Amino acid sequence: MRYYFKIYRLFFKQYLKSLMQSKLDFFIGLFGCLFVQASGILFLYLVFEQIPLLDGWSIKELAFIYGFSQIPKGIDHLFADYIWLLSSQMVTNGEFDRYLLRPIPPFFQLLCDRVQLDAVGELLVGGLLVYISVSNGTIRVTFIGSILFVMAILAGAVIYTSVKLFFAALAFWMTNSFPVLQLGYEISNFTKYPTSIYPKGIQFVSAFIVPFAFASFYPAEYFVRNESFITTIIAEVCVALIAWVIAFSVFKKGVSVYKSAGS
Amino acid sequence: MIKVEGVSKEFVNAKKYPGLKGAVKGLFSNEKERKLAVNDISFEIADGEMVGYIGGNGAGKSTTIKMMTGIIVPTSGIIEVDGIVPYKNRMQNAQNIGVVFGQRTQLWWNLPLGETFTILKEIYKVNDKDFKKRMKFLNEVLDLGKFMNNTVRTLSLGQRMRADLAASLLHNPKTLYLDEPTIGLDLVVKDKIRNAIKEINAKYHSKVILTTHDLTDIEEICHRILIIDKGTIIYDGTLENIKDKYGKTRMISVDLHDISVVKKINFNKIFNVSKKDFNYQIDGKTVTFIINKDKVSVSAVLSNLMGKTDVKDIRIKETDIGDIVKQIYIAGI
Amino acid sequence: MKKKKKKRKVKTNRLHVYTPFGKSVIKDSLAYKGSFYLFVICKVLSVFITYYLWRAIFSSSDNSELGGFNQVEILTYVFMSFVCSNMVYISMTTKIGENVVDGSIAINLIKPISYKSKLFAESIGEMIYKFIVPSVFVWIGLEVYKYVILDEFSLSGIRIALFLLSSMLSFIIYFLFEFCFGMIAFYSTYVWGMEIIKNSVLSFLTGQIIPLTFFPDFAQKLFNYLPFSSMNYVPVMIYLGKISSSELIFSIERQILWILILELISIALWRRVVKRISILGG
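Listed in order, the protein sequences are those of chains W, L and P.
Counting from 1, one number per residue, gives the positions in the first sequence under this note's numbering.
Counting from 1, one number per residue, gives the positions in the second sequence under this note's numbering.
Counting from 1, one number per residue, gives the positions in the third sequence under this note's numbering.
Quick caveat, the hints were computed from the structure, so don't treat them as lab data.
Heads up, some of the hints might be wrong.
Reference listing, derived: stretches of chain P covered by chain W, where coverage requires no fewer than 3 residues with Cβ under 8 Å from a Cβ of chain W [what the hints assert, rightly or not]: (1) 54-64; (2) 191-197; (3) 201-211.
Quick partial rundown of chain W residues pointing at chain P, CB under 7 Å, derived from the structure [to be verified]: (4) Ile28; (5) Gly29; (6) Val36; (7) Tyr185; (8) Glu186; (9) Phe190.
Computed cross-link-like contacts, DSSO-like style, restricted to lysine-lysine with a CA-CA straight-line distance of at most 27 Å [said to hold, decoys possible]: (10) W:Lys17 <-> L:Lys121; (11) W:Lys13 <-> L:Lys133; (12) L:Lys132 <-> W:Lys6; (13) W:Lys13 <-> L:Lys132; (14) W:Lys17 <-> L:Lys146; (15) L:Lys136 <-> W:Lys13; (16) W:Lys252 <-> L:Lys88; (17) W:Lys17 <-> L:Lys132; (18) W:Lys23 <-> P:Lys198; (19) W:Lys17 <-> L:Lys125; (20) P:Lys95 <-> W:Lys23; (21) L:Lys15 <-> P:Lys23; (22) L:Lys129 <-> W:Lys13; (23) L:Lys121 <-> W:Lys6; (24) L:Lys146 <-> W:Lys13; (25) W:Lys6 <-> L:Lys129; (26) L:Lys32 <-> W:Lys252; (27) L:Lys308 <-> W:Lys253; (28) L:Lys35 <-> W:Lys253; (29) L:Lys203 <-> L:Lys129; (30) L:Lys263 <-> W:Lys13; (31) L:Lys35 <-> W:Lys252; (32) W:Lys13 <-> L:Lys125; (33) L:Lys133 <-> W:Lys6; (34) L:Lys3 <-> W:Lys253; (35) L:Lys174 <-> W:Lys6; (36) L:Lys32 <-> P:Lys23; (37) W:Lys253 <-> L:Lys32; (38) W:Lys252 <-> L:Lys125; (39) P:Lys43 <-> W:Lys200; (40) W:Lys252 <-> L:Lys3.
Everything numeric in this text was worked out from a predicted model, so none of it was measured.
Idealized CB from N, CA, C, for every residue including glycine.
From just these sequences and the hints, can you work out the full model?
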């Protein structure tokens, strides 16, 4: 474990250094992410101009759910962004070769290959909305609550990474799974709202097929409405574990059928 | 020691049809196209050996190398590299090998070269003492100093290839796979790379498996060659041996004062040989004879010419391995 | 007379030069059939999800109309927005960025074809392909659903024709806008960041996320002076019959005006960029 930390630290240091050399790119990316977040909040704002409650939820509660869901998303975005390239080009152009030629696990190398600092945009907006929710009393801070909050966020990040890894690994069979990953990931844009507004089928998909609901709405529900601890936080951790096991097995299976480009 | 026993690799792809109509058709069909890239090959490579692996485009060279390095899994057969099955124990195998793909760098695109080595040192668990010693050696033979602080992305092709080679050697691998390591390089850099490979082999006694299109690489580095064609190994032996077998051809280039005399002489009739054993091409004032030295002697050709016109210059060339391989590709063994 | 004929011939020949680019895009898209099926399914799914969000919004409201839309209209709006934007929005920024990085733009300058026309041909190819899958099926599905389940049918041939005409104009506006935007690739290597800023702004200003009538009055007035509402909002509103016949001509005229303006801007930008390429070598 220390071995991996040491290697990761070396990479991380380099990314911070290269950031200093291309500040403009960083700000473009940061603003990009902030814009996406802002448009989501603007949508909520415009809708709530017309209605007082959405399916029984107030705008304050929705703002917390929205903000909470951005934090695991941001963590995944920060550390596991290179998975996108696995889905789009690494199999097509044979770039994945080099992962198989080093004595460290391919997935770890995938993490090492990029630290995406644009994610700071999501983390900032998420953090800010959670902070606002705490200060206006939507959320009460307790000691146990804080621990569970951290746990929920970490499990959420695992769910995000697992879903991405699963879809990206399909590239080993399809050569390019980018569109599938993109649209699977798209579901995360809908689980930042209460999933009860969707028909049963979609609720099922967002909970058990592409389980983003467990990374956002369900745990957020626990903090806003004191829903049962078991059906929210514990369930989230279980889903995270299962999702990870499935995604990682598919990834491993994919590596074994990897064709490598060229002759 | 490397053991390759009865190894085959078959690729299965969805069948593609030509044209726009074909693309629509492909959408609804489930036909598969099977391609046997490597067909039942076997060979062994001993420690310290330097082997040239040659073949035309699509002959199965890279597929073999990729199976030996563990990137892809053979459809059937067994590969063992120093007792490890590479595609089963990838990480363990990776610790013992160095790989350079001329077409694509293995280095991290956005990192400065110096940092790349620092990270590789950690990954391969090279201790400080060895690291210093090896970096000094690699610096000497590959001359990395000038671009050590540059980002890999900004290196020239020659610099990048030297960097890749150095990176593949940092952990002192027992086996070195070089897939077209001199592709696209100028003669000076090619020479540097060849010398480095030889020095490293002499110093560390590591196995070297080299694929290349540049047959000078093979002549300079390898004692033994494997020739693969259409997925099958068609020759496995020493370089000398194949030269003996196919090296009977000589090329004599002669610059003449009056080139027209050549056409007036019916050489085939004089020597009583077919076009296969005696042929010539004229290019300006130079005529090049291509002869089988067992059937026609060089001196006979020249004495026939010298009586007829002034000979300005004569050059005699042995067939090199390139010509031989060309012959094998065309005619088979 | 003779001269005229000759001119026409040259023109058809030139068109001929560009058709392979359009065709090859369609072919490439069809080549990966595994991802292709899933792509279509997932994309349509995401429209459904948007629609359900709207349904929840309506059922949370006491009014039967929100922002001037009733529930059937919002259903039509969401799905026709998809039908239109799916085929009309063809992003080129990434492609231009790649061409800048690999130097093929510079190479293109010495070929006897215009880079812009080549991109346009490719976009048309992509549009045709996206119209067939899945736009036209979603469209038919929507109307069948409305007719069979909701017992509503208010289509007329002229409205379909106007919708398609307006969509084509949107396509050209969007193409020109993308082309201008893509020129950023010459100044920043980080195209992805610019792309997401553009997409998030566009999805709002074109009315894709929420009809523009939901915005406050001052914002709606501002949108009249921007090209974005002409990209998606106008054709969909025409289809819904929410643009009166007097406004209709004006809306289409405005689309044409935007084409002219963006064409001029794109020519000017391209000139600058070509100058830059010839100085810096791409």
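Tested hints:
With 7 residues having a beta carbon nearer than 8 Å to a beta carbon of chain W, the segment 54-64 of chain P meets the requirement of three or more and the stated coverage holds. Counting residues of the segment 191-197 of chain P whose beta carbon lies closer than 8 Å to any beta carbon of chain W gives 6, which reaches the threshold of three, so the coverage claim holds. Against chain W, the segment 201-211 of chain P contributes 5 residues with a C-beta closer than 8 Å to a partner C-beta. That satisfies the three-residue criterion, and the hint holds. With a cut of 7 Å, the hint placing Ile28 (chain W) at the interface with chain P holds, because the nearest CB-to-CB distance is about 4 Å.
Using the Cβ-Cβ criterion of 7 Å, the hint placing Gly29 (chain W) at the interface with chain P is satisfied: the shortest such distance is roughly 4 Å. Given hint, Val36 (chain W) at the interface with chain P, holds; its Cβ is 5 Å from that chain's nearest Cβ, closer than 7 Å. Interface restraint check: Tyr185 (chain W) against chain P, minimum CB-CB distance 10 Å, threshold 7 Å, status violated. Look at Glu186 (chain W): its Cβ gets to within about 5 Å of chain P, closer than 7 Å, so that hint holds up.
Hint status for Phe190 (chain W): holds, given a least beta-carbon distance of 5 Å to chain P, under 7 Å. Of the supplied pair hints, the one linking Lys17 (chain W) and Lys121 (chain L) holds, its CA atoms being roughly 20 Å apart against a limit of 27 Å. With a C-alpha separation of about 26 Å, the suggested pair Lys13 (chain W) and Lys133 (chain L) falls inside the 27 Å cut-off, and the hint holds. Among the hinted pairs, Lys132 (chain L) with Lys6 (chain W) is consistent with the structure: their alpha-carbon atoms are about 19 Å apart, no more than 27 Å.
Between Lys13 (chain W) and Lys132 (chain L) the CA atoms are separated by roughly 22 Å; this keeps the pair inside 27 Å, and the hint holds. As the CA atoms of Lys17 (chain W) and Lys146 (chain L) are separated by approximately 21 Å, the hinted pair is consistent with the 27 Å bound. Distance hint between Lys136 (chain L) and Lys13 (chain W) is fulfilled; the C-alpha atoms sit about 25 Å from each other, no more than 27 Å. Between Lys252 (chain W) and Lys88 (chain L), the direct Cα distance comes to roughly 12 Å. Compliance with the 27 Å bound is thereby established for this hinted pair.
For the hint linking Lys17 (chain W) to Lys132 (chain L), the alpha-carbon distance of about 25 Å falls within 27 Å, and the restraint holds. Among the hinted pairs, Lys23 (chain W) with Lys198 (chain P) is consistent with the structure: their alpha-carbon atoms are about 20 Å apart, no more than 27 Å. Among the hinted pairs, Lys17 (chain W) with Lys125 (chain L) is consistent with the structure: their alpha-carbon atoms are about 24 Å apart, no more than 27 Å. For the hint pairing Lys95 (chain P) with Lys23 (chain W), the CA-to-CA distance comes to about 24 Å; that is within 27 Å, so the pair holds.
For the proposed pair Lys15 (chain L) and Lys23 (chain P), the alpha carbon gap of about 20 Å is at most 27 Å, so the pair holds. Between Lys129 (chain L) and Lys13 (chain W) the CA atoms are separated by roughly 24 Å; this keeps the pair inside 27 Å, and the hint holds. Using a Cα cut-off of 27 Å, the hinted pair Lys121 (chain L) and Lys6 (chain W) holds, with the two alpha carbons roughly 11 Å apart. The straight-line distance between the Cα atoms of Lys146 (chain L) and Lys13 (chain W) is roughly 23 Å, inside the 27 Å bound, and the hint therefore holds.
A distance of roughly 19 Å separates the Cα atoms of Lys6 (chain W) and Lys129 (chain L); the hinted pair therefore holds under the 27 Å criterion. A hinted pair counts as satisfied when its Cα atoms are at most 27 Å apart, and Lys32 (chain L) with Lys252 (chain W) qualifies at roughly 24 Å. Distance hint between Lys308 (chain L) and Lys253 (chain W) is unfulfilled; the C-alpha atoms sit about 75 Å from each other, more than 27 Å. With a C-alpha separation of about 22 Å, the suggested pair Lys35 (chain L) and Lys253 (chain W) falls inside the 27 Å cut-off, and the hint holds.
Taken as a hint, the Lys203 (chain L) and Lys129 (chain L) pair is honoured in the structure, with Cα atoms around 17 Å apart against an allowance of 27 Å. Taking the CA atoms of Lys263 (chain L) and Lys13 (chain W), the gap is near 74 Å; set against the 27 Å cutoff, the hint is violated. Proposed proximity of Lys35 (chain L) and Lys252 (chain W) is supported: the alpha carbons are some 24 Å apart, at most 27 Å. This hinted pair checks out: Lys13 (chain W) and Lys125 (chain L) have alpha carbons roughly 19 Å apart, not beyond 27 Å.
Proximity of Lys133 (chain L) to Lys6 (chain W) is assessed by CA-CA distance (about 22 Å); at most 27 Å being required, the pair is judged to hold. Proximity of Lys3 (chain L) to Lys253 (chain W) is assessed by CA-CA distance (about 26 Å); at most 27 Å being required, the pair is judged to hold. Distance hint between Lys174 (chain L) and Lys6 (chain W) is fulfilled; the C-alpha atoms sit about 26 Å from each other, no more than 27 Å. Among the hinted pairs, Lys32 (chain L) with Lys23 (chain P) is consistent with the structure: their alpha-carbon atoms are about 24 Å apart, no more than 27 Å.
With a CA separation close to 21 Å, the supplied pair Lys253 (chain W) and Lys32 (chain L) stays within the 27 Å bound. Simply put, Lys252 (chain W) and Lys125 (chain L) have alpha-carbon atoms about 25 Å apart, close enough for the 27 Å limit, and the pair holds. Restraint check for Lys43 (chain P) and Lys200 (chain W): satisfied, since their Cα atoms lie roughly 19 Å apart, inside the 27 Å limit. Simply put, Lys252 (chain W) and Lys3 (chain L) have alpha-carbon atoms about 26 Å apart, close enough for the 27 Å limit, and the pair holds.
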